[in-house]
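> With chain A held as given, fit chains B, C and D onto it using these hints.
Residue numbers (our numbering), protein chains in the order written: chain A, 1 to 346; chain B, 1 to 346; chain C, 1 to 346; chain D, 1 to 346.
Since the hints were made in silico from the structure, they are not lab data. Here the structure is a predicted model, which is why all the values come from computation and not from measurement. Careful, some of the hints might be misleading.
Anything over 12 angstroms on all C-beta distances counts as not near chain B; from chain D, calculated [stated by the list, open to error]: (1) Glu59; (2) Leu123; (3) Gly279.
One side of the interface only, derived from the structure: several residues of chain C facing chain A at Cβ under 10 angstroms [unchecked claim]: (4) Tyr12; (5) Ala184; (6) Ser188; (7) Ser193.
Derived coverage of chain C by chain B (criterion: at least 3 residues anywhere in the stretch with Cβ under 8 angstroms from a Cβ of chain B; other residues may be distant) [what the hints assert, rightly or not]: (8) 15 to 21; (9) 40 to 49; (10) 284 to 296; (11) 332 to 342.
Beta carbons are placed, not taken as given, at the ideal position from N, Cα and C, and that holds for glycine.
4 protein chains.
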Amino acid sequence: MIKASVLGATGYAGVELVRILSKHPAVSFSHLASRSYAGKALSEVYPNFKNVVSLELCELDPVAAANDSDIVFTALPHGASKEVIPLLADKKVKIIDFSGDFRYKSREVYEKWYGEPHSAPELLEKSVYGLCELHRDEIAKASLVGNPGCYTTCSILALAPLVDKEIIHTDNIIIDAKSGVTGAGRSSSTDYSFCECDGNMKAYKIATHRHTSEIEQELSLIAKEEITLSFTPHLIPIKRGILSTCYANLNGEYTDGEIIDVFKDYYKGEYFVRICDKGVLPEVKNVAGSNFVDIGLCVDRRLGRVVVVSCIDNIVKGAAGQAVQNMNIMFGLPESMGIDNAAFYL
Amino acid sequence: MIKASVLGATGYAGVELVRILSKHPAVSFSHLASRSYAGKALSEVYPNFKNVVSLELCELDPVAAANDSDIVFTALPHGASKEVIPLLADKKVKIIDFSGDFRYKSREVYEKWYGEPHSAPELLEKSVYGLCELHRDEIAKASLVGNPGCYTTCSILALAPLVDKEIIHTDNIIIDAKSGVTGAGRSSSTDYSFCECDGNMKAYKIATHRHTSEIEQELSLIAKEEITLSFTPHLIPIKRGILSTCYANLNGEYTDGEIIDVFKDYYKGEYFVRICDKGVLPEVKNVAGSNFVDIGLCVDRRLGRVVVVSCIDNIVKGAAGQAVQNMNIMFGLPESMGIDNAAFYL
Amino acid sequence: MIKASVLGATGYAGVELVRILSKHPAVSFSHLASRSYAGKALSEVYPNFKNVVSLELCELDPVAAANDSDIVFTALPHGASKEVIPLLADKKVKIIDFSGDFRYKSREVYEKWYGEPHSAPELLEKSVYGLCELHRDEIAKASLVGNPGCYTTCSILALAPLVDKEIIHTDNIIIDAKSGVTGAGRSSSTDYSFCECDGNMKAYKIATHRHTSEIEQELSLIAKEEITLSFTPHLIPIKRGILSTCYANLNGEYTDGEIIDVFKDYYKGEYFVRICDKGVLPEVKNVAGSNFVDIGLCVDRRLGRVVVVSCIDNIVKGAAGQAVQNMNIMFGLPESMGIDNAAFYL
Amino acid sequence: MIKASVLGATGYAGVELVRILSKHPAVSFSHLASRSYAGKALSEVYPNFKNVVSLELCELDPVAAANDSDIVFTALPHGASKEVIPLLADKKVKIIDFSGDFRYKSREVYEKWYGEPHSAPELLEKSVYGLCELHRDEIAKASLVGNPGCYTTCSILALAPLVDKEIIHTDNIIIDAKSGVTGAGRSSSTDYSFCECDGNMKAYKIATHRHTSEIEQELSLIAKEEITLSFTPHLIPIKRGILSTCYANLNGEYTDGEIIDVFKDYYKGEYFVRICDKGVLPEVKNVAGSNFVDIGLCVDRRLGRVVVVSCIDNIVKGAAGQAVQNMNIMFGLPESMGIDNAAFYL
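Same shape as in the complex, but just chain A (with noise of 0.2 angstroms):
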């Protein structure tokens, strides 16, 4: 058995990465972690794992959840990530990071829009992005996974067949994504609660979010060139899901079914990306608590545009989900173990 220890486990993506792996066939809970709730049993913070999960909640110590582990993810808020990286680096055990700061080839685009210098910019090196669907060789390889942002996987396998394909003009890409509020982290600011979310959209941080430059980094590899688009976040009232629609300019006359069969060739056998077949486009509910990314498009001839609108649950595989496929990868397991299940839809 895999041991795995979870960093920032009280966390909705620790938690939920908890959850995943409480199921999982190969591995076991070596420390799970809460600076908030060390001490407590798990089941008494989450009542849900009662039954499920016994283990009790220890104090964050980086080192000896290392010693103690094959693996380690590490969930926890952008400034503890930063001290306890480093600690884990020196020693052997894997390490998947949910932050920010492993997801840069380039210290610069980082340091531009955290707006801070990097702590470990000599792990920038080593460390690998953690989109399993398009860098698994890397991953299968690394030490240190930068586990992508939820937005950015939902965004960037919705444009790379376009990009890789060179289908699209590139110098007009918009991505209008919607997400969760599960998405803002289990948050006590009055903005994510109840009342003031019911009922309730908006768009936020237009033209400034940090995704945008994890998107621009991973599309201008493919492109090989240097692709800067905008990307619009909005805060929808549903705990669960991102929808991203993503539009960009043809670069000639295709039909529907040509693009579609170009994304059903750019991700054959990935077993977590589904097309939709034409007329058929993408829902929340059917991707909810799964691993999936659903992708569908609709080309419209009458303006050379095509809209590509992809969606998945942002907390599994834009968090937890991602998490322990990459584990998988990283471990040589069949890459799907203990994500292989569908979505809720209710």
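Only chains B, C and D this time, still in chain A's reference frame:
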């Protein structure tokens, strides 16, 4: 008192109109007609009206309604509307129609997007498009007003100043719109059941939604050139509200403040249009239950693009409220009479 | 015009009061005081008021408020209310307090259920319990009104006729109440965050909720004997609304119709109390946003028991709306002035 | 592998059963029958199954299903179930029926509450009531199991220990139950549309809901005397979950701890029944998506009454999950196989 009749009083747009008119100081009800519920008290079908409106729902009799009323609102299903309007048009009564039939200058455009011959093309001449902020003077003289669609009201007002002031390139406009479920009307379709909608979201009718043509008509009029654009509607699990996120490429360098000033100037004196200050974006809860349109924007200087976000209550400013605003204009009443309340917020 | 001040204008009860008063034909605002937001425009904190209320929020200055107003509404946190009321009580101004402090006849009962000494016991003499349908005459003469709790308004009105007409045994009354989340106020507690509340429900404070004592006081007054009862509150993922399901054993054989007649007779002439006909039960959507109380019932002849269901909007009839109803009574205005609108339904 | 067929695979109970069985290590699918969608792939109707279940939905052919299966689950509309069961009953196949038809010991009780003659009274002899925690041994030997109702499972388990240990008076039991909307099935009725349910709640079928008789049957069996009780169902705007609040008068003095111990003892060794510690109450989010039953309680010493709150997922422990638990028992498998996951929480 103005004698008002509502044909189709038990659909969501119709009943919202009745709710607003029930407190309008200058209006008394004549016919409240409902095919489904004729003979029942309104308060039997909608118990929220008990002790407020004591009328009985009557059969759909357009001629009688016309004879007994100063104004007739038709909030009927697409088909029914077609039959009824011609019967009303001969009479002296003023008409505000909620269907798409009288929103168009061009019969061809209507027939192209609706896929059927227009039933009363001769009325297109005299009908006026009831987007109050743009056509106030014609509306004041009109006897037949085509009440605008919900998506269109929200989207046109977000883009009109940019088009009018020639601040943007008009060849790359993209509107990503999100609507609450009341937009689908009072529906018994499984697609709109609580269990299918709650926790879900989806895009639909990409590149083919009829409101596209309405938005293009109005923006083209302002631009004095033909504008085509992308419009993508989404279904969001809230009852009331539309949020339109609009993207366009700027034809020069502008700051947020400069463009905000353009909007404030363009809508100077407009009670129902509220332009957000720099750094503020609209939210549905600030307009839900009210006739206000909130508009905020952000310039992406990095990309030379502007993102405008607009927000309305789809069944108030997007339907019943704007109809009352039109009525107020047609009868020379203060434009905000009976619709000057703040949004519910909660 | 009546000059009204609201102390605590930015909590949910306070801001709902401002929303209602902003359209009240006989009221103008004096002080809108907010500790958290003094100095800001109300429309900065609650943008739904832009173009509707242009006032700035001021510091909490009870004496100044009293001097500048005909009536002061105190919608302050429990502690703050204690300090403020005595300062107001010396003045000529009329006071409507939203806290629990002045709802009690007996200082002992208050201190037992609130677990602390009463701060101004001498005022209990002159204060009147503001449940309009039961204490209209005292309210008309009162200078200090203790505005009833939300659960209590809903529950007392559901049981008063049965107790008054001695139709039930008073030793086995059970009230199972369900409330929307606004009942918790504008909260930044994780317990009331969207992700913790949406899709969830729970009971809380079983056998210990303070409103129990308020209900017992009023029903005991009617019964002229001490009544004790079970009251269980539940948290439901809606914003507005309370539904109380009340159980009592009948002391004889009755039909639905007979008991419905008792209710209709008991509440004859009461505009805000609507008794459902046989076979009809109240629903939150029929009262949300309105000051109405809907009451329906069903006799279980098999068990000799009656089940009464009552429904209100917790922040309107359960707080701000009833406060305005009290104000109307205190100033000799038509009781429904400014609060006679139908529920939103949608 | 156990060959399992689901007749009625596209209703909510049926499709949830398919979702659970799709990950059950000991089960393979035989017939997935759907009258509405025969001939379509399951993943066309429910796209969440794409890449997980690749079966096509077939016509409803009970005999063929029986011949091809070790167990047949019937999750059909009331009428359809009646016709199908007798055809299956002759065969060697084991049957778990989701309808009310085989939950009763007494034909008279069934006919009284269902208002129609029973279609196969001869089968009542051999059928077993599938409330696993109460009838495990009979279920192990049964060939026909009547899978319990959702409200009944939740309510019976909350009261069984009190009745069995004779801690309460049985003449004044009141059950106030709240259910999510999936309880109504996959409905196209306007009553269950998003806009009618969201933000709303209501009671329904007071004193007449069929589940009353099921609860009375089981508690009477335990009490060895006839018990009658009040049961009131409510509709709450969530998808999954039932919460039952049960009231009973104690026949002596007890502390919370004493009664909690009675429950813990009564359910000792029951994996799926989780008794909350003193001061803790169950919440839907802790059981949603799982087969667990959470039970908490509070003694009201002032009134000599106990309030027990129980919570389940209505389509898991209240339907599909308990059906799988029954199957596990019938085939001698570990009782929690395939249903031992934690609740979703989010």
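> Hint by hint, where does the structure go against what was stated? Just the numbers, ascending.
Failing hints: none at all.
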